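*Asks:* Each chain, letter by letter, is given below.
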Amino acid sequence: MQMRTIEISVGVFVLAGILAMVVLVVKVSGVSLQSDEGSYVIYAQFDDVAGLRKRAKVSMAGVTIGRVAGISVDPAYGVAVVALEIDKEIAELPVDTGARILTEGLLGARYIGLTPGADGEILLEGDFIEDTQGALVLENLIGDLVTRLGAS
Amino acid sequence: MRLIRHLGARTLDRVATLGRASVVWAQAVWGLPKIGDIPLLVRQIYSIGVLSLVIIVLSGFSIGAVIALQFYTQLARFGAEDAVGLGLALVLLRELGPVVTALLFAGRAGSAVTAEIGLMKSTEQLSSMEMMGVDPLHRIVAPRLWAGLICLPLLTTIFNVVAIYGGAVVAIQWLGSDPGGFWSGMQDAVEVWDDIGKGTVKSVVFALVVTWIAVFQGYDSEPTAEGIGRATTQTVVISSVMVLALDFLLTLGMYGDFK
Chain L
25 MQMRTIEISV GVFVLAGILA MVVLVVKVSG VSLQSDEGSY VIYAQFDDVA
75 GLRKRAKVSM AGVTIGRVAG ISVDPAYGVA VVALEIDKEI AELPVDTGAR
125 ILTEGLLGAR YIGLTPGADG EILLEGDFIE DTQGALVLEN LIGDLVTRLG
175 AS
Chain D
5 MRLIRHLGAR TLDRVATLGR ASVVWAQAVW GLPKIGDIPL LVRQIYSIGV
55 LSLVIIVLSG FSIGAVIALQ FYTQLARFGA EDAVGLGLAL VLLRELGPVV
105 TALLFAGRAG SAVTAEIGLM KSTEQLSSME MMGVDPLHRI VAPRLWAGLI
155 CLPLLTTIFN VVAIYGGAVV AIQWLGSDPG GFWSGMQDAV EVWDDIGKGT
205 VKSVVFALVV TWIAVFQGYD SEPTAEGIGR ATTQTVVISS VMVLALDFLL
255 TLGMYGDFK
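Which chain is which? The protein sequence lines are L and D, in order.
If you're matching positions, the first sequence starts at 25 in this note's numbering and goes up one per residue.
If you're matching positions, the second sequence starts at 5 in this note's numbering and goes up one per residue.
Since the hints were derived computationally from the structure, they do not count as laboratory data.
One or more hints might be untrue.
[Said to hold, decoys possible] The list that follows gives simulated cross-link-like pairs (lysine-lysine, DSS-like), each with its CA atoms no further than 25 angstroms apart:
1. K112/L <-> K81/L
2. K51/L <-> K78/L
3. K51/L <-> K112/L
4. K51/L <-> K202/D
5. K78/L <-> K202/D
6. K81/L <-> K51/L
[As the list claims (entries may be wrong)] Computed far set for chain D versus chain L, every beta-carbon distance over 10 angstroms:
7. S63
8. T77
9. Q78
10. V104
11. M124
12. T127
13. M133
14. P140
15. I176
16. V213
17. E226
18. E230
19. T237
20. L250
Just so it is clear, the structure is predicted and the values come from calculations on it, not from any experiment.
The beta-carbon is built from N, C-alpha and C at its ideal position, and this holds for glycine as well.
My request is simple: use the sequences and hints to build the entire structure.
*Replies:* This is how it looks when you write it as structure tokens:
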């Protein structure tokens, strides 16, 4: 076979490999190329984030408006601090916006649902959401139920 | 007594083989980086990588399709069809992609390399090269090692993409799961380093091992027709076992904390 043909096909092969890598990173892992400029970060404290993962959805009325940028624990108070990355387009969230940890379906992934507030002031970069409700942990619910049944 | 002596001799044989293999590998890897060698490398990438592309694409598509089918039927019982995309991507990126590609690569390219080098040895091309002052390790072995190291990670990536799209075709077009749930579930779960990066690390390790075994088996084969046949079989058998064993160790090491 001609050396030139070989060179061209090797070039196409390597290109295909690199292209496949780009497809994996962009399409499969969902890293968006213009993520940083169009978002701001607010925080929320939860008693329990049970199973919430980084890059989980943040949604309002079922529409995804951001992602979980990071989860850490505040050892002084024993609460989880979750950083929420919200799209710039949703810039005017009132300070009394509520955040709840919800589950998609029965066994689905955890995500954060925001419920709108009515206050005139809005949340700015780095602010904390006051009104939060942690994840429902099945064991705790069952524990509650058992104590209540036992009491009655 | 004779048994013990036999066992000892076998063990020493194995250790000596490993020693020779290491020397060949080290000399060959050191031997390459020169501008003039690039045409040799390109030719090897063609015969090792480009010619393996068809089998990789075909098996990628069917494996992706089969995984999607199995996941769908099981997950549909729990009403969790949206998890098909996520399961498919994680299984492929973390385990099946690197492993299956490495096994196919050992069968398709590794055996070819062994047979080629073995034949060169038995027809005394290697020793005549030495006579002409050309180092066969540098001219024959090194380009094949490097080509394997370049090709297998690329093939693995292509395999993963084809398999994921194959799974998507089955799950979305045929079984009618929701494309939004399929892709967004996948994108929520897959991490760039944890899944794609570590999978690629695996494929680089497999590439190193498979090409090393293939090249050395050829280089060390008995210069007879029978010897070449045996070396080719050995290449496929040893590389397959090594890939599976190493995969277990790598998974344990990288994803660890299973206790």
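*Asks:* All the hints need checking, so say for each whether the structure fits it.
*Replies:* Checked hints:
{"no.": "1", "hint": "K112/L <-> K81/L", "in the structure": "holds (16 angstroms)"}
{"no.": "2", "hint": "K51/L <-> K78/L", "in the structure": "holds (18 angstroms)"}
{"no.": "3", "hint": "K51/L <-> K112/L", "in the structure": "holds (23 angstroms)"}
{"no.": "4", "hint": "K51/L <-> K202/D", "in the structure": "holds (18 angstroms)"}
{"no.": "5", "hint": "K78/L <-> K202/D", "in the structure": "holds (18 angstroms)"}
{"no.": "6", "hint": "K81/L <-> K51/L", "in the structure": "holds (17 angstroms)"}
{"no.": "7", "hint": "S63", "in the structure": "holds (15 angstroms)"}
{"no.": "8", "hint": "T77", "in the structure": "holds (17 angstroms)"}
{"no.": "9", "hint": "Q78", "in the structure": "holds (13 angstroms)"}
{"no.": "10", "hint": "V104", "in the structure": "holds (15 angstroms)"}
{"no.": "11", "hint": "M124", "in the structure": "holds (19 angstroms)"}
{"no.": "12", "hint": "T127", "in the structure": "holds (22 angstroms)"}
{"no.": "13", "hint": "M133", "in the structure": "holds (21 angstroms)"}
{"no.": "14", "hint": "P140", "in the structure": "holds (22 angstroms)"}
{"no.": "15", "hint": "I176", "in the structure": "holds (14 angstroms)"}
{"no.": "16", "hint": "V213", "in the structure": "holds (20 angstroms)"}
{"no.": "17", "hint": "E226", "in the structure": "holds (31 angstroms)"}
{"no.": "18", "hint": "E230", "in the structure": "holds (31 angstroms)"}
{"no.": "19", "hint": "T237", "in the structure": "holds (28 angstroms)"}
{"no.": "20", "hint": "L250", "in the structure": "holds (22 angstroms)"}
Of the numbered hints given earlier, the model fails none.
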